[in-house]
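Participant: What follows is each chain in one-letter form.
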Amino acid sequence: MSTEPPLARAYDNLRPIILQRLLDMRATLDPSFGRIDEATARAQISAVLEHLGNFLASGDLGSHRAFLQTFLAMRAAEAQGAAAVLAMLVAIGDTAAQVAQDELAGSIDGSELTLLLTRVTATTARAINDLVAEELARRTGQWNELAARERGKP
Amino acid sequence: MTQTASQHGIRVAGDTNVGKVRETNEDSMIVDPVRGLYVVLDGMGGANAGDVASQTARDAIREYVMQYRTTTDPRTLIEAAIQHASATVFNAAQQARERHGMGTTVVGCIVVDEKRAVVAHVGDSRAYLLRNGRVQMLTRDHTIVEELVDKGLLSAEEAERHPYKNVLSRNLGAKPETRVDVTDVELRPGDRLMLCSDGLYGYASAEAIQYLLGSGDAPEHVARDLIDLALRGGGGDNVTTIVIEAPQPPPSSTEVVRTTGAMQWWQRRSRFLQIAKDRGLTKNPIVRGLDPEEALELIASSLCQAVFHDLEKSTGVNVWTFAQNIAGGWFERSGEWAPLRALMDILATAARAVVDDIGVADPKLGFLLSIAVSRALVVGELAIGGLLAERLNRVDANLIKVHAAMQETVDTAQETALEDTGDRFIDNPTVPFLRPDRPVTSPGVSAELIKAIEQTITIARSRTSQRAELVKQILSSLETIAIDATGNFASAVLAAREIYGVRPVDDTGIMPLFDALDQARIITAASVHQITAPDAMRAKVLRALSSAHQRLVGATTGLVLEAVAPYSERLREVQAKTSEMRDQVAKFERKRADLERKYATTIDHSQPWEKRGTTEW
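Quick note, the sequences are listed as chains A and B, same order.
Using this note's numbering, the letters of the first sequence map in sequence onto residues 1 to 154.
Using this note's numbering, the letters of the second sequence map in sequence onto residues 1 to 617.
Rather than coming from a laboratory, the hints here were simulated on the basis of the structure.
Quick caveat, the model's predicted, so the values are computed rather than measured.
Errors might be hidden in some of the hints.
As the list claims (entries may be wrong) - Label-pair distances were calculated between CB atoms; the ranges are:
hint, chain 1, residue 1, chain 2, residue 2, range
1, B, Gln274, A, Arg35, 17 to 27 Å
2, B, Tyr567, A, Arg42, 26 to 36 Å
3, A, Arg42, B, Ala218, 47 to 57 Å
Ideal placement from N, C-alpha and C gives every residue a C-beta, glycine not left out.
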């Protein structure tokens, strides 16, 4: 058993570059990132990148879902809708893959990491949609219940 | 006669034609890929001397280059070869009377390697370079007119119309020595060099030449098409052209995906459909009621086609449209999420299996396609995500409506209870610092001042729009406050309460009120100047009304603050709570990240990534 898989290590080495590229384009990731100062944006994007690193190493979809659930709630508190969160996470994943492709061009690690990050992005998009669909079902149920209660009033 | 050759990835083709008017072809050419030597010559002189001149020069150049190419640098070599040819032609002309005055133009090129060439010329045979779709002329014609233009004695327009525009100032053979222009050319992948005699550019437009050179066709086709072009343009002269193409750059990943990748994907279409069928696509509730083949065609085949077109065009628009149509249609039918997820998973599995197949045969292409197809599937998820978010917003709006309706019921019940007590809103003073008996400096109000104030307000009312009820109400209040002899705040507070009424504490409730207050201030200030009174009295009126306005605004602001006070308090509480929760979330995030890291070091990394986690992939 290895303590640090090579791809996760390669990703960790690239993280500062990915972070910088994301910070440079943060206003296009989401308008709310454009409005906040760099330090706050750095902290928020770093949290996502750190989690991605852990997910790359573990491949544990359960913990990934849990992270995404919290992230969706946190961004909702900042008035960012589910579609915007999805688009933002996909953009972060795509940028990470792009950096891996650019920085590790020609190496086996570079190709594998690019592919893995692309798959992680696909997994993330899938998981976000599942979470939103579950929330939609929950709220639809709530609405049906309240509407029925309203209709039942004299 | 077409000559084609290829060396070091450089492809060359040359072609020459007598044209439609001349009987003999006085042009010559060298296409010698072994020595990297390419030359076009255009002979001139009566009694068949032109062809002798060009052939003599051609042979002289070839021999010279063969003899000295290993010992001389390319730039010196081609220049010396042309000088040698000039002397040879001159000498030949001297030996026979009928060849006196014969000569030839020349444009030659030594391709050193795939990155460098040297071009030399004498006369009006030309060299062109095509790079990134643009053509540039590398040579400048040696004509008398062109030299006059160079010296600034003729304009370009004048040169174009000049009767001697084709008269050469230099050629090979007129003298034993001639001046040769030599140019170094740095070749880039995909560049095309074209050498030609005036029989080409004299009978074909520059645009047509550029189009053919940039067509992407093989050099032999381009050379032949250029000759045809000149012939179609009249073919009034011999025409010769050589096309030299530097090696094409290796195709980019995007190009590979767009061409080979898309083709390979499409060729495995039936495999994609088979996997989708095996995985149960035809049993999915979304296609219930459809014939299995029809279902496969409608769903799997459509996606396969959408991916193909997106790969081909490097876009995501087709997969986006596909996903939006499928998901939109299903949601419209009030479909559940699970079948849609299952359907998308089946399609994703089939897509990955096809890509894996391609990867077995061609790992590099498989890798590129794997990324491209994964991205296509993400685009599909993005389209579905947009629909889900839209529906979530709609349900949220409905929830808010239901909540608002329920709240209204509660409010009505509370209002009824309040009415029962017999109290009115304005009977309950709620602003402690605005006590009615609070003393303020009384300016004292004389009868003259009262009259002047009334006159001002009357004018102000007449200047106010009929519909501006709130402004009119404020004007009346200002009058009351201004002529209040007690000079305290009571009248202002009462007036403010009347104006304020029951307004929602939001932009639609508060902003019109303050706008009206401001408007009333402006109108009264303007109206003061219209009353018939001495300036001193006008000043007193203005002071009294300004003071009244200040009191009214103060009292109104007090009421607004009072109204929003509970909300502010609640907002502060919520903000504090949110901040506390954020801290907690951040703490848990850190804790979870630590745990994840710890967990990541204990798992078996020899397993494939998707099989490592505790959660089923």
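Participant: Now, for every hint given, state plainly whether the structure supports it.
Facilitator: Here's how the hints hold up against the structure:
no.	hint	in the structure
1	B:Gln274 x A:Arg35: 17 to 27 Å	51 Å, violated
2	B:Tyr567 x A:Arg42: 26 to 36 Å	34 Å, holds
3	A:Arg42 x B:Ala218: 47 to 57 Å	54 Å, holds
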